[in-house]
Amino acid sequence: MAAMARSWATKPHIGLWAIGFWLVLAALPLIGFVTESPSFEYYLFMGQSMLIYAIAVLGLNLLIGFNGQISLGHSAFFAVGAYAAAILMVHASVPYWLAIPLAGIVCFGAGFLFGFPALKLEGHYLALATFTLAIAVPQLLKHKSIAGWTGGVGGVLLDKPDPPAFLPLSVDQFLYYVCLIVAMALFWIVYNLLRGRSGRAMMAIRDHAMAAGTMGIDTALYKTMTFGVSAAITGMAGALSAITVAYVAPDSFTLQLSISFLVGLVVGGIASLPGCLIGGAFIVLVQNSSQSISDWMKDAFSLRYDVPAWAIYGTLLLLLMFFLPNGLAGGITAIRGLFSRATQKT
Amino acid sequence: MEFFIQQIVAGLTNGAIYACVALGLVMIYVSTDHINFAQGEMAMFATFLAWAMIDAGVPYWVAFGLTIMVAFFGGLFIQRVILKPLENAPVLALVVCFIALLSIFNAIAGMIWSFTIKQFPSPFPSRDLFGNGLVSAQQLGVVAVTLVMLGLLTVFFRYTTLGLAMRAAAQNASSARLMGVRVSWMLALGWGLASGIGAIAGMLVAPIVFLDPNMMAGILVYGFAGALVGGIANPLGAVAGGFIVGVLENLVGSYIIGNELKLSFALVMVIGVLLLKPAGLFGRVIVRRV
Amino acid sequence: MTAILQVKGLSAWYGQSRALFDLDLNIEQGGVTALLGANGAGKTTSLRAICNMVRRTGTTTMDGTDISRRTTEDIVRLGVAHVPEGRGTFVALTVEENLRLAFHIRRDRKAAERDMEKVFAYFPRLKERIHQQAGTLSGGEQQMLAVARALMLAPRLMLLDEPSFGLAPLIVQEIFRILRRINEDEKVSMLIVEQNAALALELADHVYLLETGKVVMSGPSDMVKNDETLRKAYLGY
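Chains as they are written, first to last, in my numbering: chain A, 28 to 373; chain B, 92 to 381; chain C, 145 to 381.
It is worth saying that the hints were derived from the structure and are not from the lab. C-beta atoms are modelled at their ideal positions from N, C-alpha and C, and glycine is treated no differently. Treat the hints with care, since some could be wrong.
[Said to hold, decoys possible] In silico negatives: residues of chain B with every beta carbon more than 12 Å from chain A:
# : residue
1 : Q98
2 : G148
3 : P214
4 : L225
5 : T251
6 : F373
[To be verified] Residues from chain B that face chain A, not an exhaustive set, calculated with beta carbons under 10 Å:
#  : residue
7  : L183
8  : G309
9  : L358
10 : V361
Just chain A, with the same shape it has in the complex:
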């Protein structure tokens, strides 16, 4: 808390903005007590998914944005987290609140291990190795030798946890709060991590690995640790997704999942924490509205075909790389900068 207090002292606006934002997020499910709308449960589920994707993007951003290691394989860690939580809950009757951190620990291990070979790889090569990982994982999950736990192609069904009796919440309201609490905790941890010594070391490695090494930073240790922590965060997002969807299946963890994390990262902004939330929300919005976007585009450009979500993702990635390389969060900062400069001039 001391770190946060200090940040208020130096940058009060950002602190207040952030707190207000999280408060709004916390208040959203309460609308359920006044609305009669039947689709409210659906919006709650979308909210859960946005938070989950935001966490997954946070994990990826820690690795790519703050440590400069490229991963196209985070769908694999998301999958490991989801399966770990599902197996723990179904086969070992572990309660959900314990399954989430345990899944995080499992993924930390997996990420840390993958971090070792990743140490020797840079740039395109690391992207290549993680790309193959993303492609190989669904097939691995289906393999018959582990089908006793993973359920093979069929996957694992689990029960959504019930809210505690003393809370007057529906299951989906409750799960939304579970996601929110995990998200807040992880964002807070990453925020502090980045402000401290480790964060400076991580960013120094990103900016110039060799120089960081000569400054006495143990680059190998920091890189593998970052890989581990990043995988743990994304893995916990996977665990949350298993709990909220109440189902895991191998074919939901394809390369395309990794690509959607990347989309979230680039849209939100590389090396931006608020950007992760923007990115998470964006992924879900496009997925859910791709049909209406497609209809609109068919109308507007008189196309003969449906426009799939992936074409939109891809085109957007290209446009962002060309016109807004710092993502929406960066764009907002830039616009704010323009405004403040404009007001200073007048």
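With chain A fixed as given, assemble chains B and C onto it according to the hints.
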């Protein structure tokens, strides 16, 4: 023994296709230092074009040639329009760009031709060649097409001044400029060639795996493995690597780990080669710039 | 004497820092002009700016044609051959391939073949190593190869960036002897940048002295050779 030989032959056939994919990757890597993740989807897209032409009644070999040409100019166009402005961009921007291309090609192919699988004709009969059930004309044809293409490329790079200029541009761009070589166009040419080679790979593999927008994902991974095994900066090595990967994959798949883990085997090969012998079996060590 | 290359108000930048300040140069047709000066005076930058390899302003005219905004490749194609600092060897190509690269831009194949013979006559050592990988050549041989490559472009103007750099004195003398012959026999004009001022003064007939990106003096090389104070102040001998 007969089963073993059949596996080797099948492995060589797959290997020929991996070799084509690998060769396309090497072509782009050598001229631009990039690893093109969209290589597989570009090949898939070209194959759909060929399918559409054949479906409309164009004779196979005419469609084959036309597709290669379209793919060539398509690759050229992508380099000029999308990658040229990013020549000095950081690696992440490029990777994002390739991933974007991958998504776009995949989505558009699905949009136009749907995700249901399609039969793609083979120009070679599937009949047994020597009457002993070992080699089919189809298998021989695939390998032959690959070898012919390799021969043509070798002649191009070794004996034409344009090929020489491309090699020079890849090796030392600023010095090549001082010899009057338009380096930026050489990179575009590299993309065009890679795209054309990819189209060949797609048209060879489609009769075997059926045509659908996701057909190249796994094959691309084997192509990566082949390129890395042979040395990603070495065209001949990449072809050899493709064949090696094809044979190994088939042998390991049928004798040791079973077919379900073949992709994981490719993963292990990719990471193993990157870690243990990053230059590949036939490549020179890549010097890292500081 | 007419000028083959005229440079007016040439300035160049590396990022934010300016390396050249309003340079005016006249390179005479058929002559050898030397750019002399200490380390960091902007000699190499001047050559790179003429070829548009750095960000620059000012005009360069070759035979009355404005080439200020042409790309490096086009300037080369107009007949300016630049022998770069560090020799620019294509290490993985053979000696022959290094030279044959010029065929890419030459339309006159027969003349190019003849030039190839001529180049081997100037540099018999390269002929002995014709099929060797250029990366395995010694420093002196690589410098010869760099000059030979430039000569294969059938240039009208050669820009030479420190041809003596890092070479043994005997080799340097040999290379400079050949350069003089090329200048005389092939009528190739030359602009040469050198640390080794004494050597360059022997070859050149006109000299520009640079200091921190500005021309501080210019004149016939005999004048500089005979002016001891000038030599002591700027050339260190």
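Each hint, compared with the structure:
1. Q98: At roughly 20 Å from the nearest Cβ of chain A, B:Q98 sits farther out than 12 Å, so the non-interface label holds.
2. G148: 22 Å, holds
3. P214: B:P214 is indeed farther than 12 Å from all Cβ atoms of chain A, at 30 Å.
4. L225: 30 Å, holds
5. T251: The claim holds: B:T251 sits with its nearest Cβ about 29 Å from chain A, beyond 12 Å.
6. F373: 18 Å, holds
7. L183: Holds - the Cβ of B:L183 comes within 10 Å of chain A, reaching about 6 Å at its closest.
8. G309: Holds, about 7 Å.
9. L358: Given a least distance of 4 Å, the restraint on B:L358 holds.
10. V361: 5 Å, holds
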